[in-house]
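Go by the hints and put chains Z, V and F onto chain U.
Protein chains: 4
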Amino acid sequence: MLVRLRKNLTEPELAAVHGLARQLGLRPRFLDGTSDLLQLDGRSGPDHRSRFEDLSAVEAILDPGEARERFQRAAGQPDTVIAVGEGRFGGGNVTLIAGPCAVESPERLLEIARGVRERGATVLRGGAYKPRTSPYSFQGTREKGLEMLARARLETGLAVVTEVLDPRDVGAVSEIADMIQIGSRNMANSALLQEVGRSTKPVLLKRGFAATLREFLLAAEYVLAGGNSQVVLCERGIRGFDPSTRNVLDVGAVAALKRMTHLPVIVDPSHASGRADLVRALSRAGLAAGADGVMCDVHTAPSEAHCDGHQAISLDEFARIAADARVLAALDQRSVMHCTEVVR
Amino acid sequence: MLVRLRKNLTEPELAAVHGLARQLGLRPRFLDGTSDLLQLDGRSGPDHRSRFEDLSAVEAILDPGEARERFQRAAGQPDTVIAVGEGRFGGGNVTLIAGPCAVESPERLLEIARGVRERGATVLRGGAYKPRTSPYSFQGTREKGLEMLARARLETGLAVVTEVLDPRDVGAVSEIADMIQIGSRNMANSALLQEVGRSTKPVLLKRGFAATLREFLLAAEYVLAGGNSQVVLCERGIRGFDPSTRNVLDVGAVAALKRMTHLPVIVDPSHASGRADLVRALSRAGLAAGADGVMCDVHTAPSEAHCDGHQAISLDEFARIAADARVLAALDQRSVMHCTEVVR
Amino acid sequence: MLVRLRKNLTEPELAAVHGLARQLGLRPRFLDGTSDLLQLDGRSGPDHRSRFEDLSAVEAILDPGEARERFQRAAGQPDTVIAVGEGRFGGGNVTLIAGPCAVESPERLLEIARGVRERGATVLRGGAYKPRTSPYSFQGTREKGLEMLARARLETGLAVVTEVLDPRDVGAVSEIADMIQIGSRNMANSALLQEVGRSTKPVLLKRGFAATLREFLLAAEYVLAGGNSQVVLCERGIRGFDPSTRNVLDVGAVAALKRMTHLPVIVDPSHASGRADLVRALSRAGLAAGADGVMCDVHTAPSEAHCDGHQAISLDEFARIAADARVLAALDQRSVMHCTEVVR
Amino acid sequence: MLVRLRKNLTEPELAAVHGLARQLGLRPRFLDGTSDLLQLDGRSGPDHRSRFEDLSAVEAILDPGEARERFQRAAGQPDTVIAVGEGRFGGGNVTLIAGPCAVESPERLLEIARGVRERGATVLRGGAYKPRTSPYSFQGTREKGLEMLARARLETGLAVVTEVLDPRDVGAVSEIADMIQIGSRNMANSALLQEVGRSTKPVLLKRGFAATLREFLLAAEYVLAGGNSQVVLCERGIRGFDPSTRNVLDVGAVAALKRMTHLPVIVDPSHASGRADLVRALSRAGLAAGADGVMCDVHTAPSEAHCDGHQAISLDEFARIAADARVLAALDQRSVMHCTEVVR
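Residue numbers (numbering that gives the first Met the number 0), protein chains in the order written: chain U, 0 to 343; chain Z, 0 to 343; chain V, 0 to 343; chain F, 0 to 343.
The hints are simulated quantities; they were obtained by calculation from the structure and are not laboratory data.
Just so you know, even glycine gets a beta-carbon here, dropped at the ideal spot from N, CA and C.
Heads up, some of the hints might be wrong.
Unchecked claim - Covered stretches of chain U, as calculated for chain F (at least 3 residues, CB under 8 Å):
{"hint": "1", "region": "24 to 34"}
{"hint": "2", "region": "236 to 250"}
Said to hold, decoys possible - List of simulated lysine-lysine pairs, BS3-like, C-alpha gap at most 27 Å:
{"hint": "3", "chain 1": "U", "residue 1": "200", "chain 2": "U", "residue 2": "143"}
{"hint": "4", "chain 1": "F", "residue 1": "6", "chain 2": "U", "residue 2": "6"}
{"hint": "5", "chain 1": "Z", "residue 1": "200", "chain 2": "Z", "residue 2": "143"}
{"hint": "6", "chain 1": "F", "residue 1": "143", "chain 2": "F", "residue 2": "200"}
{"hint": "7", "chain 1": "V", "residue 1": "6", "chain 2": "Z", "residue 2": "6"}
{"hint": "8", "chain 1": "V", "residue 1": "200", "chain 2": "V", "residue 2": "143"}
Same shape as in the complex, but just chain U (with noise of 0.2 Å):
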């Protein structure tokens, strides 16, 4: 690792440095008789690079050489592929979520979850809890919500993938998801991913607002380091300054992230373009990218939606983005998962 300090670091700043080199096992020389390169040999792990950058006399790491954290892809390392019921996530393997923005009903949850799995998905989304900017509006239906989704599993055989706003939820929420959402307002939420870096269950990571791509992998490896491997990556659009947009579909981000970590990446252009009319153009442009999935929002009656109606797509549209997925997958080779398993 080669690290780059500060200029006119005093005693105790550089006996900090030698400290932790000495901590860590890496053995510390200044290249060519500069007094700010510092070069660090020796066995690195995942946890060196932040403990170097936390140090005041640190000014940047200008090469982490082996200092290398969990979510990194090493060279010629493949795709990590995660499992979630008949969806797969990576390697080669395309998988579509959909469903509600909010579970509402048990009958609507169902006629969506049909729907959907009829037209492509292998798991499904909807919001027990939902994160609202604003107090009075709706929060879920909550553990109802939970019993509905899982009525829905049993009644599909579509695995299910739900939001978790509450340490305190997780375990709950793990009972019944095969899959737990963290959402962007609480992509750094350290608690949050401390607890479900403790659970067996995969994680959907939603990308922070405004997250650059290293806070992003960081925040997953908060649940790497907990002991959880299993963490799929979510592009739902950073914010932009175009009022007449909702966010801007980072695509750019799904390209880089899919050579930065051998995490999954999938594409939320529901939440990305807050416009049913644009979701299918940003699924496409997402998958050709190089996204490992796409999540939307489904609505069979989007007037009686709680939450996002207006961006709610319906199922025509939702078969035809799934017709493009596979399409688009097939042009690297790569297929689209669908449900086998026979149900009522």
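Chains Z, V and F alone, transformed into the frame defined by chain U:
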């Protein structure tokens, strides 16, 4: 309240609008034969705006009218003044908060606490639970840190503000702290906001990296709606596009917020700049723009700091900032609080 | 057109509103006794919206109604198809533009031109006048560069697009170029836009680093209003907050623009990513989102490049991008143009 | 200068590096057997950094060392003081610039000019050539506007600053104006920057909506490199993501720029806020952060204003801003210039 509906509504969507109006005791009437401009008359509550915004039929609230959230300053409404120990925020009172980024050792904390007290602070900050981007970074001294803060208060008379990350820790932190801080990364953590809404301690709410003013104020509304009316807002810099500066201190937000809300507004020039040499200029700018206080990272031995050591300022620099504050406050006939209690 | 006026207008402000309405032949009437919602009826011209927006009395245009700018796609209006040499943009035609960032030597330019022609480009790009952030950077071969481009066209049959920076050079560039490019840094350079508005050559207008879609379209309007209806819009990445990527390719903008305007929309994945290894993914994403073309930086000897050498792709990579383009275009029954002229 | 090269360089790329070093009279040596950390010793010129950055082989300049651009403040170098009429920017001098956004009628201009002079301005602003987002908006009174400004100077003794949009107008504007303004939209218009670089008049350069500080300073460098050393920088708000505020006044940039460059730095709180009611707070914040001056939009009849009327402040408000300025300047032993010439 004047609401704009989307075009080409379906029957159910329109019914949902009328149903909600009825439920809230409001009388709807379309303006002038239009089918999208809906005036709602009647007594409005703080939840009305959000509830209409959530309907898929609603495009925008053109004029909230009487539907004012709790945070909103009504015409002529004076500042809410919030007391924290001998500190007072708002209503002509300016308060200085200072201390180390993280609480590390009792001796160091006490040294810093005494130093800032002498120089003008009435509230001591120090993180016992640290929100870190990386799981490998120092996470804080936790309960021991809370004990150290309590000890420092005993010895100096300073009130204490410290951050809580996990709803499960709110009880313990409330026991010790005079003021509970919700950090930027958790501004939209509804579970945490609801928990501190149930507390009786004042809350210091930091603006998220890329939160709009309305999102920021609605986060405060979670706390107010929960029954805790004591919220101080903190502008700490928003995410920018220039990598050479850490964040952008949004003084326009300070000025705008003071008009939008009756709640006090302070600035954190330390986290905004990430540079010890710019803290003083930003502190002055924030106060000049109308902020009710300033919160600084101060450390007597930055090389020992477990986080953000390079941005901490010295006691001497804090003294200069306090002197500036007194002059700037006086420009508007405001005054800076100072500790009067005699301590050992 | 439905206009919202500010509250508490002065007599002169209100008179200015009525005066303008009269001048434009519009009949104003307030809705339903309101004093701020003004409906304007009558025949609307492309300038009406801007002229009302400029009045201090006007808060916002709630509904432009018939006041459509020239760039706007009316309901059902088909794509405008723009021809550049054998290239066609829009209306089911996809065109590939490729070439070096800067025109340096005749031999190199010809080598690259022949290479990209064989592989699917119909238009050659190359900068003779380079817009550089630093005055010390290579500013371009200027007139000699134009001659080299003309020579390359003669030899290959490719049409030529090149950037103009100075209104005084529009004449000379128009002589040589088949298409004139206005770069991001000059998107809002009204003097330059007005000058190319007087030209008869098609214009390639690049979106500014942080331009909203409306600002972008109004920049195009300068050219259209000047009499030149041939404008192709280019999304080339917007400024983001993550220093690890150069810009953020805004595919949502591509999709939204195709709905807002009848003008063709292409993407520049080279300047968007700044990384040769991501150009292909972004090119695919842009086309999948609906772009009418792609413009790439291609170089056969990047180490010689006077600017942006590290982001240039090879001929082989361009061939792969062209193959992707044919498949992606076919998804929507669109086709990629190719050179048919026999050349020596 | 310490340069970091990319990994896996080709022979030609490495040769280009050595070739440039030779050409510039620098001696290259790799540090400590590394193949990417290159130290360049020898006399450095202002162009050296940019020229190395442009090589495809170069990843980054780790330390510019002696390769300082003309704008850079060397250690201990004092402020450059720029004189405009009786105004002085920098070196302890604070100057107020005020006037209407656009020059409309001689009577109105004179009324405003007299008013701001009495209240503390030494420089009159007024746009004769207006940079408009829409081609249908009022473009300015042009040459007639210049004449009106000249007349107002004669009558009041105020110096005049006005914007130029087109390189072809630089001569005419230079004739009349005491200071030439380059607006935000043209900050990166190299043709225009080069033209004013040939002028002998001081230049007021406004920061682009989303320009980094280095891009801003390199734009100034175009002028300095052209031979015109009199550049005053103006921070006028950067593009943000909150549609409720026009721009974000970046006071941190003001503070950082004062350390990076010896050139004066002022703020434009009018265009930053877009709200007459926040101009005063932003003006105070800018001066408190260290700005060498403030430029305000002032109008005696905003309803007549052809552009931005809603953000113009009254003469009374300007008087309050001027009073604030005197107090804030005094905090740092600085003083505000005022007109002393006796006029009729």
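Each hint tested on the structure:
1. 24 to 34: Our answer is that it holds, as 3 residues pass the Cβ test (under 8 Å) against chain F, meeting three.
2. 236 to 250: That given contact holds, which follows from 4 residues of the region 236 to 250 of chain U lying within Cβ reach (below 8 Å) of chain F.
3. 200(U) <-> 143(U): holds (21 Å)
4. 6(F) <-> 6(U): At roughly 26 Å apart (the allowed maximum being 27 Å), residue 6(U) and residue 6(F) satisfy the hint.
5. 200(Z) <-> 143(Z): holds (21 Å)
6. 143(F) <-> 200(F): The hint holds at about 21 Å.
7. 6(V) <-> 6(Z): Judged against 27 Å, a Cα distance of about 26 Å means the pair holds.
8. 200(V) <-> 143(V): holds (20 Å)
Violated hints are absent here; each numbered hint is respected by the structure.
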